[in-house]
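S.K.: Going line by line, the protein sequences match chains A and B. Every letter in the first sequence is one number past the one before it in my numbering, and letter 356, counting from 1, is 356. Every letter in the second sequence is one number past the one before it in my numbering, and letter 311, counting from 1, is 311.
One or more hints might be untrue.
Claimed, not checked - What follows is a list of derived Cβ distance ranges for each label pair:
#	chain 1	residue 1	chain 2	residue 2	range
1	B	198	A	238	53 to 61 Å
2	A	199	B	293	24 to 32 Å
3	A	131	B	54	32 to 40 Å
4	B	40	A	185	40 to 48 Å
5	B	176	A	82	13 to 21 Å
6	A	276	B	396	38 to 46 Å
7	A	52	B	248	48 to 56 Å
8	B	205	A	136	49 to 57 Å
9	A	71	B	248	52 to 60 Å
10	B	58	A	82	19 to 27 Å
11	A	339	B	61	45 to 53 Å
12	B	332	A	238	40 to 48 Å
What the hints contain is simulated information worked out from the structure, not anything from laboratory work. From the three backbone atoms N, C-alpha and C, an ideal C-beta is built for every residue, glycine too.
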Amino acid sequence: MSDITLSTSVAAVPEAAPRQPPALTTGPLAWFRANLFSSWLNTALTLVLGYLIVRYAISFVDWAFVHAIWSVENNQTAACRALKASATPGACWAVITEKHRFILFGTYPYEEHWRPAIVCALFTALYVVSAMRRFWRWELAIVWAVTLVVIGVLMWGGVLGLSYVPQERWGGLPITLILATFGLAFAFPLAVLVALGRRSSMPAVRVLCVAYVELVRGVPLISVLFMASVMFPLFLPEGINIDKLLRAQVAFILFAGAYLAEVVRGGLQALPKGQYEAADALGLSYWHKTGFIILPQALRLVIPPLVNTFIGFFKDTSLVLIIGIFDLLTAGKTAVVEPAWQGFGVEVYVAISVVYFVYCFAMSRYSQNLEAELNRHRVR
Amino acid sequence: MSQTTIDPRHLRAPPKRPLRLSWADERVRAIVWQVLIVGAVAGLIWWLVRNTQHNLEVRRIATGFGFLGREAGLPIGEHLIEYTPASSYARALTVGVLNTLKVAVIGVVLATVLGTLVGIARLSKNWLLSRVAAAYVEVIRDIPLLLQLLFWYTLLQSLPGPRQALNPVSGVFLSNRGLRVPFLDWETGHSLGLLAFAAGACATWVFARAMRRRQMADGQPRAVWPAAIGFLVGLPLVAWALGGAPTGIEWPALRGFNFQGGATISPEYFALLIGLVTYTAGFIAEIVRAGILAVPHGQWEAAQALGLRPGTVLRQIVLPQALRVIVPPMTSQYLNLTKNSSLAVAIGYQDIVSIANTTLNQTGQAIEGIAIIMAVYLTISLSISFFMNWYNSRIALVER
């Protein structure tokens with residue numbers, strides 16, 4: 001090879017043509033070329049998409065910020081209505097300024113609003129603490145129990161100098177958080193039991209669990225909530241009345257339990273058979289085997305899908321609107337019933353979407369990070 | 001090494017130990033537990049049924065489905081079959097089931113198309129396109145569907161009235177009364193054409209199968225598309241011409257306070273369809289993306305190395321493998337869309353839940369009403385599951 005290169009030396013080439021420098025491979029220009037303008041089709045796509053985004057972003061900013069009205073006095077919404085009909089429509093955020101306390105806390109006594117506000121903060125802090133892996137210890141259960149008791153005291157009152165607030169007056173974000181937290185906290189142990197039952201060697205137990213899971217997963221949540229609101233009272237002995245929120249909560253737990261059970265079952269099935277056999281070979285009893293060998297591994301496998309199911313049920317708490325329970329969405333819908341504020345539903349729904357989005361987006365990001373972290377040992 | 005055959009005595013199952021009546025025997029424990037659990041569940045059910053019977057007696061509510069024959073007296077805006085308020089409850093509920101199916105079937109088709117497009121867009125080499133698709137998926141999946149439905153419905157209701165209706169394309173009017181589009185002046189010719197199309201589709205399927213069998217026999221590929229065009233385009237055209245070749249189109253026009261003529265999509269149906277399709281498409285997009293990413297890159301390269309054309313690679317190599325990953329989660333999305341269509345009750349679209357709910361309020365037959373809702377959804381869910389399981393077993397990997 002070497003003599004070939006030697007024989008065609010530079011001197012043999014009559015005129016060394018000035019060569020083009022190599023195409024850029026780094027820097028912003030190269031990035032643009034590779035990711036936005038790599039072919040004529042991509043260029044056209046980028047230009048069209050860019051135009052659409054800029055155009056709609058401008059009209060959205062105009063609507064939401066430039067032309068928006070942020071507050072009005074004494075429910076005088078005439079200016080808002082005029083703005084809506086004008087050529088340059090704008091958002092009437094005055095409805096949020098005026099109604100945000102009602103949307104967040106419902107009909108809770110106005111001067112006591114600090115109590116549900118602390119409750120919401122406590123719930124959020126509880127989620128954050130439970131999400132951190134360094135706190136995944138048995139003491140966390142005590143933290144949960146204490147926090148939930150404090151939340152109950154704050155919401156109901158009647159002790160420690162707090163005035164008593166009946167449950168009918170609760171509303172808004174605390175209801176959403178209560179339904180989601182208690183729902184999932186009780187549905188999860190139920191789901192583990194049902195998932196174990198579905199893989200049990202006892203035929204009667206297996207049939208019962210399969211029937212429960214498939215029946216619940218075959219019907220919409222609404223029908224279960226309807227059942228809770230109109231049929232539960234018929235099921236109970238005369239004279240026993242359970243309030244509507246608790247009935248909806250029970251329906252929610254039963255519904256979520258079936259879905260979570262399927263997720264947990266996925267983890268139980270994914271575990272290699274050798275783990276079961278090894279535990280048997282050690283002579284462990286069923287509950288020792290399940291508690292010390294199987295569940296710790298199986299649950300760890302399904303943490304990401306579990307979090308996704310949690311997100312789904314957090315969103316699904318909004319369905320209680322249909323049976324008339326005063327959660328965040330119901331409060332928002334009710335806020336624009338008043339004649340002065342009719343027609344500003346879009347603004348209210350956008351604002352509520354932001355609240356749901358913050359919670360769900362945080363959970364989904366967390367789930368992605370956790371998945372990456374738990375799979376780190378598998379990545380080569 | 002002549003002892004390779006197994007001694008027949010070893011094939012017999014080990015002899016069963018006689019059941020020892022002791023807590024130490026695993027089988028005895030299993031029987032006791034099952035008896036206890038089944039007994040507890042049966043007792044609970046018995047207790048609930050007894051309470052219910054007692055409560056119904058006290059409240060003087062007669063049980064049974066006798067009310068189905070009575071006059072419903074509830075007005076329904078959208079019905080695919082003949083319906084008046086004088087019709088029976090049974091007919092009203094049938095209308096509700098058909099309305100549910102109307103939104104579910106069209107929703108599934110549109111959500112699949114939109115979701116596939118978004119899923120592919122997320123994998124695009126174009127940074128802007130993939131970011132837009134990712135943002136869409138994130139936002140749409142993190143907001144409750146019910147909130148989105150209410151949002152769309154409010155948005156559609158805040159449109160101007162019919163007199164100031166938006167008119168994006170000539171003949172199409174968008175107002176707070178819904179979307180009005182021009183529609184064919186329906187005649188026998190159209191019905192004949194539609195029937196011929198259905199027949200043509202069946203014929204194409206049969207023909208394609210026959211051709212494939214012959215290819216399997218002698219290895220010669222045979223083109224199916226000329227016959228398919230003949231069956232799917234030619235046959236309906238001939239039938240339409242035989243029916244008198246009707247060409248009339250009905251244009252919507254403003255008369256008085258509302259539009260006359262053309263086809264209407266009501267704001268309720270429109271809001272429900274937009275909400276369901278955009279929401280479910282966000283989930284389908286993620287499934288499609290995962291499915292495509294699940295096919296190893298070596299499969300593309302191996303197929304290209306064999307000299308297959310890009311279209312063939314996609315159809316014969318990549319898609320069959322991606323579908324194997326896609327179909328099971330897709331099934332549950334279709335089921336979710338169908339079950340989520342029950343949220344129609346919140347925006348006033350009269351699906352089965354809405355009509356059954358009105359029925360149980362009017363008649364007081366709570367148990368029967370909810371039983372009907374559950375039975376309808378269980379039937380739909382099980383049908384979709386069976387169909388998708390059948391499809392899944394067809395495309396599943398055949399191992400040994």
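S.K.: Which numbered hints are broken by the structure, listed smallest first?
M.R.: Numbers 3, 4, 6, 7, 10 and 11, in rising order.
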